[in-house]
Structures are given as structure tokens and as C-alpha cells.
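Chemist: Chain by chain, the residues run as shown.
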Amino acid sequence: MKHLLLLSWLVCAAIQFGVASRVDGHGFAGARFFPATLSTEDPFTADELSLPTISTIRTSDDGGTRETDLSVEIAKRITPNFALAFGETFSALSPPDGETVSGFGNLELGAKYQILESDTHETIVSLGLEAEVGGTGSSSVDADSFSTWTPGILFGKGFGDLPEGVRFLKPFALTGMAGLAIPTSASTRSATIDEVSGARAVEFERNPDVLEWGFALEYSIPYLQSQVQDMHWHAPFDRLIPLVEFVLETPLNRGAGGQTTGTINPGVIWAGQHVQFGVETIIPINERTGNNVGVIAQLHFYLDDLFPHSLGRPLFGGKP
Amino acid sequence: MKQTGAFLLFMMLAGVARLEAHAFLQQAKPGVGSTVQASPNEVKIRFTERIEPALSKIQVFAATGDEVDKRDAHLDRSDPAILIVSLPKLGIGTYKVVWRVVSSDTHVAEGNFTFHIRSAKNVRKS
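Those sequence lines, one after another, are chains R and D.
Following our numbering, the numbering of the first sequence begins with 1 at its first residue and continues without gaps.
Following our numbering, the numbering of the second sequence begins with 1 at its first residue and continues without gaps.
Please keep in mind that the hints were generated in silico from the structure rather than gathered at the bench.
Hints are supplied without guarantee of correctness; some may be wrong.
Said to hold, decoys possible - Here are the simulated distance ranges between beta carbons:
no. : chain 1 : residue 1 : chain 2 : residue 2 : range
1   : D       : Pro80     : R       : Arg288    : 27 to 33 Å
2   : R       : Pro242    : D       : Ser34     : 20 to 26 Å
3   : R       : Arg288    : D       : Arg118    : 54 to 60 Å
Only a predicted model underlies this, so the values are computations on that prediction, with no experimental measurement involved.
Built from N, CA and C at the ideal position, the CB exists for glycine as well.
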């Protein structure tokens, strides 16, 4: 009963804080609005929902397996500068000469703490920690049996403080992240049976620590028209943000050191008042990554704008 | 899957029903980055959302850094999404407009832009 009373008090206090205070929303630093990028983690805390994110690409596995992913992610601010996120992906793998297998990947959890926001310099810096919970996904889609922890740092920088002489560069912004993915198991063993001979074999796979890094260079038409020069472009072009994302992974040890893989994803985001829609092409950077071009698309909801007085506010705190 | 669809539909309906969000600059007069031939009487900014006048402001600064507006920022009588500040007669020069608004759902937005007066007649040079 005591706990119930305490919980009630906390909920009331949270609601009271939420109603009485104002908070900045998703991805703002001064005049800069950072959209939620599709392929790299955002540098800001926010109440947001990505539903769905759909991607498809023919990988280099088994002579060209097509991988199609459908994922969802929701992020919730606990305080204005601290947010938790949950994500899940459903994958379908279609080998060129075999049956399609499908299943859920491992549950993904994330925490992010925004340590710096400079409105004048349109800068945001956050620390993040992601966890892929091993064993929660399906082995049919190669979900790892072990967990992986990824601490990292994330940043966003708008170029609005450039001098007037290069004012048409001001709409540019750069976001990026670098994290170290540390598997909880250095290696995994799996037993296989040869279909022809019936012989049993044990496969031994090493799991290296991986540097995950990436960035997104974006050019904001809304920023151009509202801060630099009104070009008299109307809907839908007035809300477009062309961008190119670089998504890279570099194993650091266990026999795979330096073998970087990744993709370059040029695309465009349309950012509305409550939702945004983005689509990007996925281009492998090298043969190790793959030889085929894919595509990713995402519908993203700004919960802080959809539900500014309830779900879209931090549970605790806020700027007066 | 049905539950997910229902949730999505609910959210979309909520988005349609609630016309509140961050306020973005939709249109300004004088225009963002524009050049005008005469001193404007006012700076008028139309935002994408309704504005809380008590918590919102527009300021206009000369190149010297001096504030030159009449410090009377107010909403347009017929449209609560339009914020206006009056100006005295201004001379040739570049002026910076700085705005900070709170939309009716308490979201804060801010920004700035410049406009130029190039060949104003019968006005003092700033």
C-alpha cells in the first residue's frame, strides 16, 4: 500500500511537472531542426515512434540472399535529457534457390543522455548505450545467442553559424555517432550436419569487438527558406531535407580487424508537423559488404507534437 | 498486427485532430533574405501554429547591433498565427530579425533572418 501511494504521488508529480512546464521537442538546437535519420542513430533525446522502417537488399550471403526487414522503434524521454528506447525487427531471408525463412531479431534496448545543447551553435552531443539482448530472437534469421553492448557518443552540428558570405551553406547539418559493440561472448559454437554425408561438424565462430560509426550530411530546405533565403518553394518541396548517410562497421580484433563494411545511403526526408517520411537508397561501399543496391523507407511520428500534454512529454522535469 | 494498425490509426487521427506542434516560420514580410526598396512599416511573420503572444517576440536589429523595432510585438487581430512588430523609418542597410515564439502547446521555436533596404528614398542612412 505504501508503494502504491508513493507510485501515485510520483505519477501525480510527473503529470504536474508535465503540465506546468515547457520542454523542447524532437531534434531542436536553436533554429536548427534535426530530422530523425533512417540509418544512423539520432543525437538527441525525443519522444518518437518509427513505425514502420522497411528495408530490402540482396546480400552476398549464399549467392545472393534477399533480406527484407520490417522494424519498429519507440523512444520515450524519462527526463528532458534522458530517454529510453525499445526496438524490434522482423526479418525475412530469401535465398536464390531455397525457401524463405523469417523471424524476429533480438530485442534492442537503448538509453541516451543528452550532455550538451548549444542553441547558438546548433550543436547537440549525447552519450548512448545500446543493448541487443541475446537469445530473444529467432535462430532462423541468425539472431545472436549472446548479447551485445554498445556504448557510444552521438553528435549533431548545424552550420547556421557560418558567415554571411557563405550563407547558402548554412542549411547544412552533420550528425554522427561512434560506438563500440562489445559481444558478451568472444566466440560461439554451433553443430551442423552435412546433408549429403550426414556427418556432424562443429562450427566455431569468433565474435569481434566492432567499431560502429556513421554520419549523415543533410541540407534543410525548411532552414534555407526560413533562415537564409525564401526561395518561394511550396509544398511538398518546402519541407524536404535531402541527405546522405554513411553507415559503417569496422571489426577490431579476433581475426577480422580492419575489415570495414558499410553502406552509403543517399535519400530524402519530408518533415511535416507531426510525422516525417524518409526514403534512401542503400549502396554497399565495397564487395565485402555486397554488390547490390537496396532501399530503406521509414514513417516516423513525433510523439511530442502529437501528444504534447501526455505521452509526448518527459515523465519527470522540464524547463520552466 | 490488428492492435498495431489500430494504434497507428489512432495516432494519425490524433495528429489530424490536434493542430498543435512546433511553430515553424511559414512566411515573412519583408521576406527572408529579401531586398526591399523602402523602409517597411512592420515585420510580419506567419507561423505554422497559433502563438502565445505573452511568451513570443520579434526583434529587429541594425548592423550596429542596436534594436530598431518599436518593441510592440503583437498578434494579428484576425490570425493568432501571425506575429507583428512595428518599425520606425529605417535607412539603407541590412537588418536582422530575431524571433522566438511559444506555440499554444508550449513548444518553443526560434530563428532569425536578414532583410536588406537598398535604395530607400527620403530616409536617413543607418
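Chemist: Now tell me, hint by hint, if it's right for this structure.
Modeler: Tested hints:
{"no.": "1", "hint": "D/Pro80 to R/Arg288: 27 to 33 Å", "result": "violated (57 Å)"}
{"no.": "2", "hint": "R/Pro242 to D/Ser34: 20 to 26 Å", "result": "holds (24 Å)"}
{"no.": "3", "hint": "R/Arg288 to D/Arg118: 54 to 60 Å", "result": "holds (57 Å)"}
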